[in-house]
Amino acid sequence: MTSEQTSTTRAAPDTGSPKRTRLPYYPGCTLKTTGKGLEDSALAVAETLGVELVELPRWNCCGVVTSLTDDDLMRHIAPIRNMVRVQEVSDAGLVDDKRVVTLCSMCFNALKWSNARIVGDAEDLKSLNDFMYLEEDYRGDAEVVHFLEILKELDPEAIAEQVKTPLGELNVAPYYGCTLLRPKSIGIDDPEDPTIQQELLEIMGATVIDNPYKTVCCGSYQTVQDKYAVAELTHGILSHARAAGAEAVTTFCPLCAFNLDNRQREVLEKHPDFEPMPVFYFTQLMAVAFGLNPKCCRFDLNHTDPRPLLRGKGLMKEGA
Amino acid sequence: MAETVVITVKSEAFLKKIVALSAEAITVCDQCGTCSGSCPMIAEMDVTPSQLMRMVQLGQSEALDTKTMWVCASCFACTVRCPRGLDVSKVAEALRQVTLRRSVDHLDIRNIPDDELAELPQIALVSAFRKLTG
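Protein sequence lines correspond, in order, to chains X and F. Counted from 1, the first sequence has number 1530 at position 72 by the working numbering; the numbering is strictly sequential. Counted from 1, the second sequence has number 1202 at position 39 by the working numbering; the numbering is strictly sequential.
So that you can see chain X by itself, here it is in the shape it has in the complex:
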């Protein structure tokens, strides 16, 4: 099944048209807590670009990580139930597209993977529909996309038009981690050398620092059982970005953000010479470039305060 067959509309807004494209939106749990800076800034950025992200009613946990054993159909119920919600808002005409937009990279991966597995197996789809007998049957024609894919579909000129504060001298290293890229069947870019963030950062005028650690895992959930092992990975990722000339990194994943940002505390315990580095959600930097109200960035939730860096570069007013 190709995207051409199932997608009803494209997200690209007509230039000059006031009509917003309404897309179903799955936030996931962490975007309501530690990842609030990602959600609030992304919603503000989307609105600026003429895209309305319509939060799904009654969404539930996506499961975060796809179960990898072959006999585990039960573990796909949670993500597929969310796909029923996508179908509902689409059938009700509340959105213009059957592609549900995700912001959190882990939600993106878990939902897309489960959807692909279940939709690809008619018997499994029927089993889950039978199990969820109180729901409408899921027909399997909804899709999962990441917000970066929506941004890439937009006319680059339309994004450039919104840039009020070019990021200029800010040296940023895009960080991708795992779940946006791997496995290949799920990822949105080249798993070895992704460029999708770079292309957008360049539109916003940033100086992009490329380095091979952009795809190295941050340790993910291992942060729960061994924070020092994760701190070593953080140290490697940020030190290589720094050595390449970066002053900050960007991410779309609230778990990468936690491991790269909050775990700098553990990095400093083991490596006292380490120079702390701000970790931005990608859309926080977009909001800065668009000159949106900095309140939508929720910089108060970042562990390493990025505001001194932004003020130093003239990208944020004193006191903001």
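Please note: incorrect hints may appear among the correct ones.
What the hints assert, rightly or not - Derived pair list, reagent style DSS-like, types lysine-lysine, alpha-carbon separation capped at 27 Å: (1) Lys1610/X - Lys1642/X; (2) Lys1728/X - Lys1180/F; (3) Lys1775/X - Lys1494/X; (4) Lys1685/X - Lys1230/F; (5) Lys1490/X - Lys1753/X; (6) Lys1477/X - Lys1753/X.
FYI, nobody ran anything at the bench for these hints, they're computed from the structure.
Dock chain F against the given chain X, drawing on the hints supplied.
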């Protein structure tokens, strides 16, 4: 000193069990070591990912005693690089599931300090408990 490996009915059954759970053709691994060279968690492991694959190929249930299977972060760095198209993450998951389905958890929430629990994002806790508890 050469070590003699004896393949028994039991070891063959173990291999078949892991092949069934992971749905991976484990026997086609030719031990090139690309997975081990790609693994970000290797510093924390007692056997390398390619050694783990070899243990399973030989039906050695000692694979279940390795630290390696619990340390895998399911990052799929090995998956995208394996020249045989194998997914070592799925093999590690199958090994974890053998233990977890015996109701033996690897992570106990009571051992996580309160300040950590308060700070960790939900996605960290949910994924860790899905991977490391039954």
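Going down the list of hints, with the structure as the test:
1. Lys1610/X - Lys1642/X: 19 Å, holds
2. Lys1728/X - Lys1180/F: Violated. Lys1728/X to Lys1180/F sits at ~42 Å, over the 27 Å cutoff.
3. Lys1775/X - Lys1494/X: The hint holds at about 22 Å.
4. Lys1685/X - Lys1230/F: The given pair, whose Cα atoms are some 16 Å apart, holds under the 27 Å limit.
5. Lys1490/X - Lys1753/X: 15 Å, holds
6. Lys1477/X - Lys1753/X: Since the Cα atoms of Lys1477/X and Lys1753/X sit roughly 26 Å apart, the hinted pair holds (cutoff 27 Å).
Violated hint: 2 only; the structure is consistent with all others.
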